[in-house]
Every structure is written in structure tokens, then in C-alpha cells.
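A.B. asks: Starting from the known structure of chain D, arrange chain H on it as the hints suggest.
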Amino acid sequence: MDHVFSGADDVTTALGGTGYLADDALATVTFLATRLNRPILLEGEPGTGKTALAEALAEALDLRLIRLQCYEGIDATQALYDWDFPRQILHLRTVEALTRDAASHTARDTEALESELFDERFLLARPVLEALRAAPCVLLIDEIDRADDEFEAFLLEVLSTWQVTIPELGTVSASTPPIVVLTSNRTRELHDALKRRCLYHWIDHPGLARELEIVRTRLPGVSAALAEQVVTLVQRLRGSGELIKPPGVAETLDWARALETVGATRLDAEVAAATLGAALKYREDSERIRASLDKLLTA
Amino acid sequence: MTAAPEPEPDELLLGFARALRAAGLGVTADRERTFLVAAATVGVGERAHVYWAGRATMTSVPADFPVYDEVFERWFGGEAIPRGRQVDVVRPPVRQAPLDSGEGQAGGDDTDTLQARASAQEVLRHRDVATLSAADRAAAARLFAGLTPRSPMRRARRHVRSTNGSVDGPATLREQLRRMGEPGRIHHRRRSVRARRIVLLVDVSGSMSPYADSLLRLAHVFVRTVPHVEVFTMGTRLTHVTRALSERDPDRALAAAGRVVPDWSGGTRLGEAIGAFLDRWGRRGMARGSVVVVFSDGWEREAPEVLGEQMRRLAALSHRVVWANPHRGKAGYEPVQQGIVAALPHIDDFVAGHSLAAFEELIEVVSRA
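If you read the protein sequences in the order shown, they are chains D and H.
To convert, note that position 107 of the first sequence is 107 in my numbering; the numbers rise steadily by one, no gaps.
Position in the second sequence counted from 1, then plus 299, gives you my numbering.
Derived by calculation from the structure, the hints in this document are not laboratory data.
Just so you know, these numbers come straight off a predicted model, no measurement behind them.
Some hints could be false.
To be verified - Examples of chain H residues toward chain D, derived with CB under 10 Å: (1) Gly325; (2) His348; (3) Arg354; (4) Pro361; (5) Asp363.
Claimed, not checked - Per label pair, the in silico range of CB-to-CB distance: (6) Glu116/D - Val459/H: 28 to 36 Å; (7) Leu655/H - Asp268/D: 21 to 29 Å; (8) Arg64/D - Gly323/H: 35 to 43 Å; (9) Glu307/H - Leu36/D: 17 to 25 Å; (10) Val492/H - Gln163/D: 27 to 35 Å; (11) Ser160/D - Ser465/H: 51 to 59 Å; (12) Glu481/H - Pro167/D: 20 to 28 Å; (13) Ser160/D - Gly323/H: 21 to 29 Å.
Unchecked claim - To list a few chain H residues with every Cβ distance to chain D over 10 Å, as calculated: (14) Asp329; (15) Ala352; (16) Leu442; (17) Met452; (18) Arg454; (19) Asn463; (20) Gly464; (21) Arg542; (22) Pro549; (23) Arg551; (24) Arg627; (25) Gly628; (26) Gln636; (27) Gln637.
By construction, the Cβ of each residue, glycine as well, lies at the ideal position given by its N, Cα and C atoms.
The shape of chain D in the complex, shown without the other chains (with noise of 0.2 Å):
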């Protein structure tokens, strides 16, 4: 994994190449982390591109993404490694009918047939182990802040040593520690053991010239015009800091899109009415903004 960026510049072309566009803090974020073998912790608002960075990476890198999706409740049996318990059933079966007319068991046998239950082919490796077999590939820890408090301490050995030790098998290490992204919406605040371990980088919303740019290399087919008129109202939606929910990069390429599909050249108070749930999900936001539409479009 030595030297696959050679700078930060060279991270914002071969993330450029992939239609991601990074600035220069997270193209240096991003180098350091390749060359200094830590995870990136991203937090920002949501729709900012913590998980495309994940995506971008690995398709720039021609590496495969291992993606861990962290909801309340996640334990070690779905990040690390589970046994195939179904499977150890039917094989102890199919011994036992194999076996029915041989002669009693000897001490050895039973020893055999216990290692085998626990054998590779049992083992359903879950994404962390599978990272760690697959390596070089990019690990992908979504939304952490989901997960619960002790899950962090799961991850503390891996991200560090990048191994799992399995009881029955010994330890698993990465060859090449894989790249590893983690990102947070920030619903809770995470331990600072964790943090202490990552590069950590808080994403903020896009300025215009770079929002355009943007939606103009993921929308080619979006007139400038059109672009230029979205992106324009969007900036003014997340400066008013009235919204409960401003749309993050995402929504103004949903919102992009949708103006596209429906036909529209130009940006009007009719059609925005029309496409607005494109960008806001919340009733009390839709409405305020609708109330005002004309004003925004036209200040």
C-alpha cells in the first residue's frame, strides 16, 4: 500500500478522475492517511460526501470497498465474523450417517470432528475480517455514531493492530492494512480512544464555484444556466439558517436532477414549488420556503 498517492495533489486528480472533487484540507487528510496507514474520521452535515470520499477512493485506487453499515445494536457476530451454525448442524449429520455402522467413536475422533466444526469453511466472515483478508481494499464504517458505546471498543483493536483474533483459528492480519473511512453524522459523540486513533476531518457544506463544479462534472446534461440557478438558491437556502434540515450536496443534485427530468430549462417559482421535495424533507421547511420562493429566486 507504500506510495499509492504520491501527494495531496495527486489524491485530487485521481479523485478528480473519479467525478469526486476534493479540496486541498481533505486531499492532504486523505494522503496522510494512505501513507500513515490511519483510518479517516469524517463528520460533517449529512449529504456532504463522507460516503462517496469511501467510494471515490477505492474506484480511483481499482480497490474493493467493504462497506460496514453501524445501526443500534450491532455486535461483534455482524462486524467481525460469525460461525455458519446451520451448516455445522447438517455437518455433524452428515458424520453421524456416515459413521452409523463403523465401530464406537474413539477419543481422536470426536478431537477431529470438533476442529472441523470450527473450521475456515464454517466461518462467515462479516466486513471488518473480510477487509482484513481482502486487503488492500477500502474499508468503509458508516455512520458510527449509530452504533452503541461498547462497538467502538471492537473496532479500537482492529483499527490499530489491523488483526481479529478468532478463538478457534488464530489471528487474522491484514498483509496491507486496509484504507479505512469512518464517518459520523454526529448524533453522539464519539470516544476520544477512537478519535485519538483517526485523521480527523469535518466536511462542511460546499462554497458555490465548487457546488457548480460539482453538479456540472456529476450532471453534464444540466444546463449551465439551470445549474448555475440551483445552485445559487440552494447556497441562499443553507445561508438563511432557518431550516431544520438545510439540503446538503446531495439534495441539490437530486434537485438537479429532477429539474432535468421534468423538462426544465430555467429555474421558475412554479417549477422550484413543483421539484422542491427534491431538497427539503421536512413539511415546516417546504412551506416556509415555498411562502418565499419568489423573493429567493428573484434577491
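C.D. replies: Just chain H, lined up with the frame of chain D:
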């Protein structure tokens, strides 16, 4: 021989890390090391590179960024840094939360010294909770003794045997192996449960003084009957009163709390008090996964946006935030006070807290959390 030698780059960078630590960021030795390696990797020649390397390795929340920027500019001087847009996060000064009862006991009649010490809003008064009439005391004690709080539960990591739930593979398999693979009963298991911690933050400022006695009695009932309860009073200061309230007899417990709390019926700095709780206790684990109950009328003297930000942090750390407002139960009440407006988006349950019936409802809400 007069000119001081040019400092080594590493020395300069290490000094910067130390300056950040002095400014209050959590820069530990391993972070310093990571920063030095990171800076060497991106090259120390470019100012922006050092900036981003440092920010990625030595900050961990957006609230750290303004402090980081300031120290960076002071340390390395020169022109402005080409950084991204700033995240607008208010970082309130950390307020000391004295635990000792020294000042409280000194209060009372020593008004001259007190006035000299107190700021305009900070009226540190010592309230004598021992002056309840005998009849009131007996009636209240009877009524509060009838309250039966229960702990809110959470799923624990451990599994326990159960008659239903998911199949317990290992246990089933072990039993079958004991009988040479002969199939038998299928064992089931479920997650065991553990009691969540309950944190009670009681506002004892002037506007809440008619309720302070009852609220502390309620807190006492919680402390005595349920495990893992922590109680704090908030006024112009934050005071940890769990130990004082752990006395068995309610009246003696209240008297003990009265001796500890230095700021009965003073002003309120809700935002700062909650911030102090989070900085000193909450973030280190007390608030994590717990149910936090704030007893207050939301009358915030100073910046309501500070309260909003601190409530956001509180909500992000804890499992559930309950706000009990004595005025909530009154006819025609609208949550219009600046403080409560700022806090409302971060509250899970907004309940009344003015009567015994309301306390029963609150207990129900907490135990269901």
C-alpha cells in the same frame, strides 16, 4: 555568537503541539507523535500542509477549530491560512464547579464579603431548608414516600438463556456434542438488560425557588430507590449533590444538600452549567447512554444560543433528554422563554413538573426511556 540558533523544525512543531495543549485541546503524547510524522510526510515547507496535518491529527470536534486557528496563527505568524469555511460553534468558557461546602457555609450573615465577591447577577444566597413547618414536612414525606421510580433498561452485550428469542447455537451444539450428536432441545438466548444511569439536573435559581424543595425530595427518592442516579443542582454554579442526598432520612438529606449548595435562589446560567456538567462529568462517561432529566423553567439570563449548543451536546451524548418544566402544567403556558426555545429541538420529552401527579408522570417517562 549573539544570535540564537534557528530552532529545528521538529522543535518548532512540538512547541506548537504544546501550545495547543496549553490552549485547552486534548493533545496527548501519541497525538503529538502522529502530528510530527504527518507533518514530515506532507513536508514542512508548505504552510497549508502543516496546517491541515495538524488539524487532522490534533483536533477532534469542530469546536476545536477556532482555538486551533488562533494558536496556529500566533505560532507560525504570517498571512491568513487558506482554510475552509469556519464551522460556527460556540465554545463557552469552562466554569469551575466547586464541590466543597466551604463557601456555602460561610454565607448566611456575612453579607459584606459576599457582595464583594458576587458579580451583579451572581447573588449567592444560602437558603435554610430546615425551616419547613412540621406539618408540611410530615405531609410531604408521606406523599413522596409513595413514589416508586424504576430504572430505564438498555440491552446489554451479554446473552442470557431464555425460553424464546434467537437460537443459542453454542449451547445447543454443546449439549448435542455431550450426547454424541444426538439432537435434543434447542436452546434459546436473548440479550440481558442493564439499568441505564439517570442524571438529574435541578435548577435552583430564584425563579425556581418555590419548587426547589419538592424537586430535591423527588431527587432523593430517585437516589434512594434506583441504582446509578446522579444529581446536580444548577444555578450560577453547578454542584454535585448525590452524596448529600444519599442519606436515608429525607429531611436530613435535604438539610445536607442545603449545606452543600452555595447558590440557592440566585441567577441562572443554564447553558454554562450544562456545559460545565458535560465538560467535567458528562463527556467522561456519566452522560453516555444515560437518561438526563433537566428540571428548569428555561429562564436563561444570558445567551440562549449557548444553552442551545450545550443541549445539543447533551442530546448527542445521552440516550434521552427529558425536560421537566413546572410551568408546563399550567393553563395557557407557551414555551416562549428564549432559553426553552433554544433547548426544545434537543429535548426528547417535555413534561410538567409542578405537582405530585406530574412527578408520577415524569417517573413513568423516565422508566420507559
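A.B. asks: Does each hint fit the structure? Answer for all of them.
C.D. replies: Hint-by-hint comparison with the structure:
1. Gly325: holds, 6 Å
2. His348: Since chain D brings a Cβ to about 6 Å from His348/H, closer than 10 Å, the hint holds.
3. Arg354: holds, 8 Å
4. Pro361: Cβ of Pro361/H sits 5 Å from chain D, so the hint holds.
5. Asp363: Holds - the Cβ of Asp363/H comes within 10 Å of chain D, reaching about 9 Å at its closest.
6. Glu116/D - Val459/H: 28 to 36 Å: holds, 30 Å
7. Leu655/H - Asp268/D: 21 to 29 Å: Violated, since Leu655/H and Asp268/D (Cβ atoms, about 60 Å apart) do not stay within the stated range.
8. Arg64/D - Gly323/H: 35 to 43 Å: holds, 42 Å
9. Glu307/H - Leu36/D: 17 to 25 Å: Given range 17 to 25 Å: holds, Cβ gap about 21 Å.
10. Val492/H - Gln163/D: 27 to 35 Å: Because 32 Å falls inside the window, the suggested range holds.
11. Ser160/D - Ser465/H: 51 to 59 Å: Check failed, 31 Å falls outside 51 to 59 Å.
12. Glu481/H - Pro167/D: 20 to 28 Å: holds, 26 Å
13. Ser160/D - Gly323/H: 21 to 29 Å: Cβ of Ser160/D to Cβ of Gly323/H: about 26 Å, so the range 21 to 29 Å holds.
14. Asp329: violated, 6 Å
15. Ala352: It is violated; Ala352/H is separated from chain D by about 6 Å at its closest Cβ, not greater than 10 Å.
16. Leu442: At about 38 Å from chain D, Leu442/H clears the 10 Å cut-off, so the statement holds.
17. Met452: holds, 14 Å
18. Arg454: violated, 6 Å
19. Asn463: holds, 17 Å
20. Gly464: holds, 14 Å
21. Arg542: holds, 26 Å
22. Pro549: holds, 34 Å
23. Arg551: holds, 37 Å
24. Arg627: holds, 22 Å
25. Gly628: Correct as stated: the minimum Cβ-Cβ distance to chain D is 27 Å, above 10 Å.
26. Gln636: Check passes; 20 Å lies beyond 10 Å.
27. Gln637: The assertion about Gln637/H holds, with a minimum of 16 Å to chain D.
Violated hints, in rising order: 7, 11, 14, 15, 18; the structure is consistent with all others.
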